[in-house]
Amino acid sequence: MIKFLLMVNRQGQTRLSRYYQPVELTKRAALEADVVRFCLSRNKEQCSFVEYKDFRLIYRQYAALYIVVGVTDAENELSIYELVHNFVEVLDKYFSRVVSIMFNLDRVHIILDEIIQNGHIVETNKSRILAPLTALDKMADG
Amino acid sequence: MALKIVKGSIDRMFDKNLQDLVRGIRNHKDDEAKYISTCIDEIKQELKQDNIAVKANAVCKLTYLQMLGYDVSWAAFNIVEVMSSSKFTYKRIGYLAASQCFHESTDVIMLTTNQIRKDLSSPNQYDTGVALTGLSCFVTPDLARDLANDIMTLMSHTKPYIRKKAVLIMYKVFLKYPESLRPAFPRLKEKLEDPDPGVQSAAVNVICELARRNPKNYLSLAPLFFKLMTSSTNNWVLIKIIKLFGALTPLEPRLGKKLIEPLTNLIHSTSAMSLLYECVNTVIAVLISLSSGMPNHSASIQLCVQKLRILIEDSDQNLKYLGLLAMSKILKTHPKSVQSHKDLILQCLDDKDESIRLRALDLLYGMVSKKNLMEIVKKLMLHVDKAEGTTYRDELLTKIIDICSQSNYQYITNFEWYISILVELTRLEGTRHGHLIASQMLDVAIRVKAIRVFAVAQMATLLDNAHLLTGNMQRNGICEVLYAAAWICGEFSEHLENPMQTLEAMLRPKVATLPGHIQAVYVQNAAKLFATVLKSQEGNTDGTVTQDTSQLMIERLPVFVQSANLEVQERASCILQLVKYIQKLQQKDVEVAEEVSALFAGELNPVAPKAQKKVPVPEGLDLDTWINEPPSESESEDEQPKAIFTKEEPKHSRARHTEVDEKELARRREARKQEQANNPFYIKSSPSSQKVYQETPGVDHIPVIQIDLTVPLKVPGLPMSDQYVKLEEERRQKERAEKKKKDKKKRKEKRSGRGKKHDSGPESEEDITPAHMVDIVTEEMPENALPSDDDEKDPNDPHKALDIDLDNLEMSGHRPLADSEKIPVRSHRAAEAAKSPVEDRDADGIATQLPKKKHGKEKREEKKKKDKDRERKKSKDEKKKKKHKSEEKDGDLLGAEVDEPVVQSEEPSQASEPPTSNSAEVSDLDFWLSNAPVPSNIQEVPKVAAAEAASAAEVISGGAQDSEPDEPKDAEMEATKPSKHKKKKQKKEKEDKEKKKKKHHHYHHHSDGVGEESVQNGTVEEEEEPLPSMSNYCLLAENSYIKMVYDIQGNLQDGSQVVVSVIFENKCDSFLKSMEFNVLDSLNSKLQRPEGSGPHDSLAVPFQLPPGVSNEARYVFTVQSIVMPQKLKGTLTFIVKTEESSTHEKLDFKLHFTCTSYLITTPCYSDAFAKLLESADLKSSSVRLEGVNMPFHHLLARICFHHHFSVVERIDSCASMYSRSIQGHHVCLLVKTSGQTVSIDAKCDEPMLLGNVLDEIKQTFSQC
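These protein sequence lines are chains A and B, in that order.
Quick note: full-length UniProt numbering has the first sequence finishing at residue 142, numbered continuously throughout.
Quick note: full-length UniProt numbering has the second sequence finishing at residue 1264, numbered continuously throughout.
Bound conformation, chain B alone:
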């Protein structure tokens, strides 16, 4: 053995460590992959060795390789091995690897539960720390459920280092196991006031994260956070708290009002930019949530804007960026305050950083008004020219269009200007946004009737100069514009000055090189133009023009008839035949113009994009029913034949390009690009080639262009938008002058009635009248359109599950945690759970001290009084209902707790929430908030009154219930809370101890935080003797290789299942492999096997056991009847692997399903218990135990622990106990002791079960 170790360490010296690996990879730059694969082979060898140091080293290297992107999931089990090493140096390597490599579907994770639990409770804080850190990365729902209680315990650890980590990881636990939120929340809340700032910060982090998703549940924490905010000096924490307030204020505007002052103070005082930024952000959020009408808030806005201006002016790009970001938030609600900083924003457009420029663009979008639109767009156009050839230019282009078209062209006063802007934009080379410009052109031309004449003229020019746009048409998205131009010219051809010329332009042979869908529009609209020409020549006796036109059509159309594009081909051949026919008629001097133009008569109105969706379904129409029997499946596989035609149908896009069209276009462009890339014969153009066409002379139809490098390229004949800016300026001046005159006149007319309606200062929005009256045609909607805008929340959001009402949680007596809500505690942990008393004291220190020891009920009453006192203070009209007043001082208003009405229901899980019970809590918050200067205070009075009434009622009912059974119930309820109350109760218990009280409280579900004196399922009070440690695991089988112990637990969720946890322990020096677990099923009990396996197949144990290691596996059994105990025979087969050989071994065992194992610890209230006993359907039975020599509480604890009972009530040497089977049988016990004799009277609705349980109890005690 010793030799082996020496040998191992010598081997190790030659192993590569992480450093060598890193260095090696660096030195093998050329054949990195090969080098790494040899390394992985080495690692595989190392992992096969027994030496844990070697393994850890290997795992460490694997972690690095994983980071480089290599899959190391095959080593998952080795990682678990290293994790379970007892040496911290190795353990942390294991955990690191696990945290990097494991994810929810890693199957070995389920093996780690016990190991992690062990590490969490390790005396070494770093063991615990590393386990927590690791767990936070790979926690699964199962792990979260199994370990939630352990982590909750750690939240009260003595070491802040552990506390803070435990608090943080709870967030992950909540996400994976939402049921844990309610029980854990009180403790989490406590941690907000932890003495250690790190823990505090962690708690703030977690609650902020929770509250951000479900703010309404955390509103009641506002006072606490407010206190923290005004007291904390940690900027990281402050930022989080302020962020949290940002999430809360929309729900409670009064909170916002209260916040403004401290926030503005912080803004003034802080030197930390991050905090300043956060404050400004939250102030903005607050102001957004506050409805307007608070005049003093304009000061806050001004302050924010000022501070942001400082940020934006800063030379630090980061601050500039954030300043702009925050500014855009203000813009939404207070555009006026931002607009005054237009100069600054425009400056930012010149910034070197593109992301800053984009931010500035976003801001500009919101800053435009009728007044400044032209100016801003002019500036942007300058930037467009500067930004040649960048994606930023495309961004600019879309922004210009966005800015202009926003809210239905609200800010455009002059559409001629806008059209010319659009036309100017068509000069951009290589832009992707041709279709965007096109759709704008179409939209404006269709919807603004007054602009059509102008638009048509511009489009005609565009068509005439089409070659300029299509210089490199294949790659140039801008040719999409021609689509719009052609359509506009055709549709509104009556406005064309020279339709012949346009027609000629549209039938040029070069058109055939355009994309198919554009050609189709050309052809169709050429026909429209043709009709127009015919019509214009009507009555003209000289038929040459019409005949020339027909001739032109007949000559040019055949090019299109040959088009490869079906759409173009079909349209062209139809129209060609039509024209030929018309020509014939013309030759016969028949008047045809009327008939031809009838082809294109009528006008289509634009339809709103969502119109189709909003058509209401007529009554009585069910769209889901089949009209005919559904066709067979094979039929539906047919191609949809109409797709070919609808795709490029220009009529469809009359109103505008639909989204589908754009997508389709993009897709096809993409496909085309792909095709071109793959085509070796396709000559790809270099970026500069676009310019070539300007310089190559000799190509037909190119008019002389002025090439002036300083001036942007002009399309001849097009007006420049700049001219409009000037014109507009003049026009406005003139208008203003006229207005002044009018105003003067008005003023003369009525001198006194001035001022309110018209500011005579700077011109306001309304003053600017559009240059020409435009009638913006609104898009059509179906009649009685449905007013729907559906924005649904993401149903997959994990935070949805965390939307849990937490407000009432910490109030004693109100809606106790139902059994199902408790965090599962594994009972065999009882022995481990004991903790140092120091910790207990530590936790107690937080709870407020009670001045006197009190009986449970008294305490309650006093609290009620306290509550009442507070109410009185608030409302100042308290009626005297109390007879005796306590001398207790009124506690701190924020911290004091509100008592809740006693819940009357019998089962804790059924405890209902009376709606009024909430009001006390609400009024608490109200009270806090009402300290703020709120004008709406009056509204709160009813609420307060309601709370008052509720508490009054409570006093009465409390008084009436002043009977014995109330007492333990009370205690019971408190005991079910792992909150402050519990601690208070513990304190109380200690005090009780001194006084030797008669009454006792029994039930502790959670073993955490309880300290030495308590044990699972039974609280020790008088007796000093500690309980012996107990384990529910009993021996299953054992031989020289392996030991198996097992425990059986009922499954609460499924009445027919029990879970058998088996711990396998390797007792020998060899490696145990390929363990297979098999049980011979009986008729009644069956081992659940994975689907597809036979009824006799064995289950592989999902792990291997190195020497000395133990691990746990769980097996689910289904049982039918649970009234009888059962024994199942089973076998475990495994391979013992030694250095030189491996042998097959087997071990037989008998699984004993006792009736006890079908019972589940279920708490029960005494009155429910009493009712249960009264009901007739319970059969009774009894048993006597002789010679039991142990204290009564030990006896009870044993019954609780081994037989899954809970104590309902205990009086002296008599106790009632309760349990429930997985199939819902009630089992009630009355245990009495006198001397060494214990008598148990029992009742159960199933006598067989009862008899067996009693036998088992008897056996338990006969063994000791």
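Extracted from the complex, chain A is given alone in its bound form:
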């Protein structure tokens, strides 16, 4: 199962974090810093899977943005790797500009919650992922 998902920029600042297993606030910062350092220190020639403590990290880089997912041993790395891409494609479909992702984190959360729930993949169909968000936008307009 998925333990957490982080979006980090190249400076190591957390842009979005979602935990599917409770982690204390104080420990989160340390964990994030550690995880990010781990991933950022790797170059493009290195594979995207890292063993970290008792779980695994799977990360993907999109321009200046890193998406890091922490999963337990039982998860299939490649499927998570694809999931990250799927997530990014949905973001791409919904947000016109990358910057707007940063300003609409609550919406990113909605998207993410449609894809992953309590650490499991619930939905991968793009239009179905976006359905609640579209409904919400209509609600706001109307």
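None of these hints come from the bench; they were simulated from the model.
Just so you know, even glycine gets a beta-carbon here, dropped at the ideal spot from N, CA and C.
Accuracy of the hints is not assured; some may be wrong.
To be clear about the criterion: a stretch of chain B counts as covered by chain A if any three or more of its residues have a C-beta under 8 Å from a C-beta of chain A, and this derived list gives those stretches [as the list claims (entries may be wrong)]:
| no. | segment |
| --- | --- |
| 1 | 108-116 |
| 2 | 204-213 |
| 3 | 217-226 |
| 4 | 264-278 |
| 5 | 1210-1221 |
Beyond 10 Å from chain A on every Cβ pair, some chain B residues (computed) [claimed, not checked]:
| no. | residue |
| --- | --- |
| 6 | Lys165 |
| 7 | Ile169 |
| 8 | Tyr171 |
| 9 | Asp353 |
| 10 | Glu619 |
Here the structure of chain A is known, so what remains is to put chain B in place on it, guided by the hints.
Here is chain B on its own, set in the frame of chain A:
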């Protein structure tokens, strides 16, 4: 008011929204903390406003700040407020914030129960969705218990969107509230075949996660999953299912055999790498679980290895990494298949990615054999040289040692080679693993006797060149090696060629700069060497050598006597005095050699690391008893004085460094580093400084070293391990040649008897004989050592609680859910529970249609028949026991259900599981599995026969029981299951309706999935009129500000407690704060107050009430006697806060504890009920109600609902009912109606209680 709203919205325009906040933080990079603290102040202001939009905006910003690591727990209540907004846009912000910030110990969570329940049942699917998503993040055991039933209902929602979310969150509910697993499981299983793929996937996810922890309980689902696997096209789902099978196969090898084929098909056909990888992984797992002896599986392994090779050769680093990972799994069971790809793995050592290199190293560890060890290690040594100055090099070093030392040096044929490898490794600068090399040296030298001569020579050289190792000794962990070298040279000094020279090397002044524990070893072993020298000179009349030696000792030892290290100091001064004494004797020409060497005589054998643990405790010895009276506590605080000496005692590590030693060393190194870091005078060396010593001339004792940049630095005089590789090669060739000759001879001797024992092809492991015979001394173990290797499971694993037998759950009649196992349903929810009939139909669509309407019993019998038919098919020797055969077709074998023997026990909670009852289910799986080509089919026959016998017995007993009381019981049992059966039963009921049957089934515990026609606690059949909605909440008190309603529920777990749920509703336009609830305790009933508060203290209501909001709080009361109703006086004080002022208000109330509130709805079977009535200890009483103008079923429903009874049996206008008090009193009612008169005859073991309950019932009906 309108003005206020306008004002609010104008205010809002100037508020920062999330975007502004994000932008602001970006623009304040220099003083981010300050900026954020002002933002937080603003947010606090915003939260104080009444406008929910402002609040939501503030909470939204807080969520962002929380993500940045700021604690926002202070706003928890505001988050709840926003959550309870009716507008979805705000609600979702609230839930998002809650899901990010709340955790189990957040106390406001308990306030959310009602709100979440409301949202879960909201007509808007997004409300429900957001509540489910949020809940999945912060569900607590309490929430799980309270909401389990609501979520279970949602699992059958019409919208797949809700279904899938509800299914997924059930996993969290199971974890927090394991009792819910059994009741919920049948429905969860149903969802595996949901028409919507998303729901299906969710169910697969949950069951996979559950099954991974407790696979044995899910084995019976294998056929279903198998069907899914062969039919599903969703790769995400396939991966999960395949993973699940990986967990199941170890328990059922036949399953594995069945799986191999579809899995290999998938491997061949799929283009998705993730799926391919998963399949390969599972095939490997399957093959591991299958015992060997299936020759056709080598093809599968070959296929896997081939595919993995393709992955590893791929340019994509990810695939390469995973390929190696999977390869290492194959390696464990099929090393031969992997070994042929050694070339590829060695290539990976050159990879740019360190994690790939490490994986390759792991693989190499398992790939070595006697044949290739030297070659592999040679390659690794090359990499060691290349990887200068990285942590990877340290990793390489440990791997080399691991590889060589694995399974007791199994693969080492030439220990001289190994020693020289170790010596070569000592040249690594800056490695942390000096002690590892040292312990290997010690281990080999001690345990391989034949190698000692060589080892001692090498160590002597090392000591001689110690300065090379200790160039920068403070930071250089490698000097640990000297510890080993000194000890080996001392202990086995008889093998030394030139003990004098070594002694001299060990007493060099530079030694004093070594770490203390090493110096101590030096000093001690110098004494041993001294003894050896004396001994070697024995009989030599010329005493100059011995006297020179003594002189050397006396000259050099004082340096150590001055050492700051106690250990060194003590040893040195002892030995110094000893030597001085010896010198005196020598001067008198006394022969002392014998006596001196007696000091160090004898040999210590190596002891296995676990030896101490395995010493058995002698009989009659209790280690826990005190020998003397325990000393007073103050004494035990004394320092343990011996620690100082034992720490560095070299004798202790004779065998090898113990773990403690290593830890201790590490700790001290750490401490030293710390100290150095804090010491401003300590000159820290730059990384390059290590090399300096090579170039600085003029320092004493440095022999000329060849510095050749292309060739690794050589320690002069040391043999290179490479030479051994060559030598070994030659030796082996020679051996082979000799062998051939021998073989030829043998072949000549007996021509026919060849082939089996010796492959003449590539040389096998056994062919390689060690270069010299080594006697590997095994480590000593105590006599009669205990064969123990304790690996205990983590007792804190939450999944332990979920190890619940689920197999029999869906079988009707078998081990029904006991009362205690049911998910609690809150009775006041009855009115809300009604749902659209569409949903019901939807759920029904899944259940198989029954061809005919059937009486409960008939149906059972038919099922038995079906079951029997199947059995017959299977075993093909059915004896005819049935008189009439049904024309019903034999259903689908996988889906058909197995009937279970009727449980004979009286109480549902006591229903025991006869061991044979399981066999039907087991044989079901067996049957499915036996379709696979299994040679062991014969073994199953007894099982099947057993099942057969069981079902036969069942038929007989079923026939015997063909009496009336059986009937409702039957129905009762079905009704207690929220499973397919229930739905079937509903269907049956509908059919019954048409036929106007006489008999009825009554009890519905769960209101879910029942559709319009049913209500809590009473099923409506003939009557079309719907029941009026009922609520158990009655008014407690009310004034212009606030309204309080309450309900009292008994606590099943504790016979002396009742829970009073009070809903506070704010009726005014002002904010209600600081509410305090107090009750004047009576002798009999007391409000439970937190520890430490007095008996008259009031309890703070844990929330505030904004205008129009209501919320619920619960209070626990302890009661002693429950036979009488009670009234308690109480007061609620609160502050009404308006814009300009705040006033204190108070409201008095009377809490009425009726006797009814001590009753708990408890189902009862009719035969148990009958027995109860027969028993003499029940007192009877009766009451008549006149002028009751309502349908009989309404009447019953009212009694059930308001007075916590359950219907046992109902025949026409007569019904028996049962309830139990929290203290275990039985209350039985017989309700009869004729016209408008209702008579209730009642029995109870407590007449007072009964009288009061009857009065209360009477009152209920007089009110309407």
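Status of each hint after checking the structure:
no.	hint	result
1	108-116	violated (count 0)
2	204-213	holds (count 4)
3	217-226	violated (count 0)
4	264-278	holds (count 4)
5	1210-1221	violated (count 0)
6	Lys165	6 Å, violated
7	Ile169	6 Å, violated
8	Tyr171	6 Å, violated
9	Asp353	4 Å, violated
10	Glu619	42 Å, holds
Violated hints, in rising order: 1, 3, 5, 6, 7, 8, 9; the structure is consistent with all others.
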